[in-house]
Amino acid sequence: MAAKKARQKDFFDTVQAVTEAYLSRCRRIRREKQEKQRKKHPVIDWIEAFLWAACVVLLINQYFFQAYQIPSGSMIDTLLIGDRIFVNKLIYGPELLPGLGKLASPVKPARNDIIIFENPAYSSQGTAFDIAQRVIYMLTVSLVDIDRDQAGNPKAHFLIKRAVGMGGDHFISRRGEMFVRFNGENRVVSEREYNERRGWKHRITRLVDEDSYEAAELAGVAAAWFDMRALPTQEMMAAVEAFNGQRYSDMNTFNLHWLETSAAAFPHEKRYGEQLARRRQGWYVPKNYTLPLGDNRDNSHDGRYFGPVRTAKVLGKGAFIYWPPKRIGALR
Numbered sequence: 002m003a004a005k006k007a008r009q010k011d012f013f014d015t016v017q018a019v020t021e022a023y024l025s026r027c028r029r030i031r032r033e034k035q036e037k038q039r040k041k042h043p044v045i046d047w048i049e050a051f052l053w054a055a056c057v058v059l060l061i062n063q064y065f066f067q068a069y070q071i072p073s074g075s076m077i078d079t080l081l082i083g084d085r086i087f088v089n090k091l092i093y094g095p096e097l098l099p100g101l102g103k104l105a106s107p108v109k110p111a112r113n114d115i116i117i118f119e120n121p122a123y124s125s126q127g128t129a130f131d132i133a134q135r136v137i138y139m140l141t142v143s144l145v146d147i148d149r150d151q152a153g154n155p156k157a158h159f160l161i162k163r164a165v166g167m168g169g170d171h172f173i174s175r176r177g178e179m180f181v182r183f184n185g186e187n188r189v190v191s192e193r194e195y196n197e198r199r200g201w202k203h204r205i206t207r208l209v210d211e212d213s214y215e216a217a218e219l220a221g222v223a224a225a226w227f228d229m230r231a232l233p234t235q236e237m238m239a240a241v242e243a244f245n246g247q248r249y250s251d252m253n254t255f256n257l258h259w260l261e262t263s264a265a266a267f268p269h270e271k272r273y274g275e276q277l278a279r280r281r282q283g284w285y286v287p288k289n290y291t292l293p294l295g296d297n298r299d300n301s302h303d304g305r306y307f308g309p310v311r312t313a314k315v316l317g318k319g320a321f322i323y324w325p326p327k328r329i330g331a332l333r
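Here the sequence shown is numbered in the numbering used here, starting from 2 and rising by one per residue.
For the record, the hints were derived by calculation from the structure and aren't laboratory data.
Just so we're clear, the structure is a prediction, and the values are computed from it rather than from any experiment.
Ranges of calculated distance between the beta carbons of each label pair, as one might list FRET restraints:
no.: 1; residue 1: Ala122; residue 2: Arg280; range: 18 to 28 Å
no.: 2; residue 1: Ser25; residue 2: Ile329; range: 51 to 61 Å
no.: 3; residue 1: Trp324; residue 2: Arg28; range: 44 to 54 Å
no.: 4; residue 1: Pro121; residue 2: Pro268; range: 28 to 38 Å
no.: 5; residue 1: Glu242; residue 2: Gln126; range: 38 to 48 Å
no.: 6; residue 1: Asp150; residue 2: Glu242; range: 25 to 35 Å
no.: 7; residue 1: Asn256; residue 2: Ala54; range: 44 to 54 Å
no.: 8; residue 1: His203; residue 2: Pro121; range: 22 to 32 Å
no.: 9; residue 1: Phe267; residue 2: Pro326; range: 51 to 61 Å
no.: 10; residue 1: Glu194; residue 2: Trp47; range: 57 to 67 Å
no.: 11; residue 1: His203; residue 2: Tyr64; range: 25 to 35 Å
The list that follows gives simulated cross-link-like pairs (lysine-lysine, BS3-like), each with its CA atoms no further than 25 Å apart:
no.: 12; residue 1: Lys103; residue 2: Lys288
no.: 13; residue 1: Lys202; residue 2: Lys327
no.: 14; residue 1: Lys202; residue 2: Lys109
Backbone N, C-alpha and C fix where the C-beta goes; we use that ideal spot for every residue, glycine too.
Can you build the whole structure from these sequences, using the hints too?
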C-alpha cells in the first residue's frame, strides 16, 4: 500500500515538474518576444505589418478575388465607365503567377457569363514588368496602374466581355444585330430572341439607329467609287456626310458594302473576294473557344474584330460591383 502511494506521489510530482517547466518556458519565450518588440524600431514594425498585409492581399487577388476598374463603355448598361468590380479568379482555375501558367478547373466559361481575359492585341513589355504591374495593381485594389500608353492612359491589358458564343456556334451580323446557328441546330435565331427565351435580363445596347444603316451602306459604296476614281452621286455624298457625322457608325456595314462594290468591280482581284467571303460567313466558334461580345454592341472592340478566345485563356468571372456604393450588387 505504501509502495503504491509512493508511486502515485512520484507520478504527480513528475507531472507537476513537467507542467512547471513548460509554463516557465512559455513565459520565457513570451518575455523574449516582448523584449525584442520593445527594441524593434517602429518603422521596421510598420514595414513588417505592411508586408504581411500585402502578402495576404496578393494571395487573395491572385487566387480568389481580384479587383478591376472598368475603363470603357463597351459593357454599358451592365457595367459603366469607372465601375470597380471583383472578379472570381478561382472558378476557372487561377494563374500560378501573374501571366505564367494556369491551374486546371472542372468549371468552364458558360454562355452568358461575364468573363475577363487578356486582350489579344496587348503588347507586353516583358514578364518582369507584367508581374510588377499586376502586383501594384492588386496591392492598391485597382487604384494604381503603371501600364500606360504614350498619352498616359491605362493600356487595355485585360478585356471584360460577355461570353455569347460557345463551341460549335456560327454567328452572322445583319445591320448590327447578331443571329446565331447553335451547335447541333439547323435553324438560325436572333440573339435577342434566344435571350428572351432563356429569361436573361441584361440589355443589349445599340447606339446606331435603324435609319442610319442606309447611310453606312451608301458611304461604303461611295468609298469604293473613290478608290476607283469614279465620281459618286449626290445621294452618295449626302450619305457620306451623314455617316461621318454620326458619333457611332456601323463600320461593319460600311466595310461590307465597300468590299461588295470593290469585288464586283474587280472580279479578278482575289483579295477582295477572299475578304468578302470571310465577312459574309460570319464567325464560327471552334470547340474549347468562346466568342466574347460587349453588351454595348456599337461601341465594343470584341470577338467580332479579334475572333473567338480559347477558354483556357479566360482568367475569371465577373462577380459583383463594389464601387460606387449606389451600384453595389452582383453581376448578371
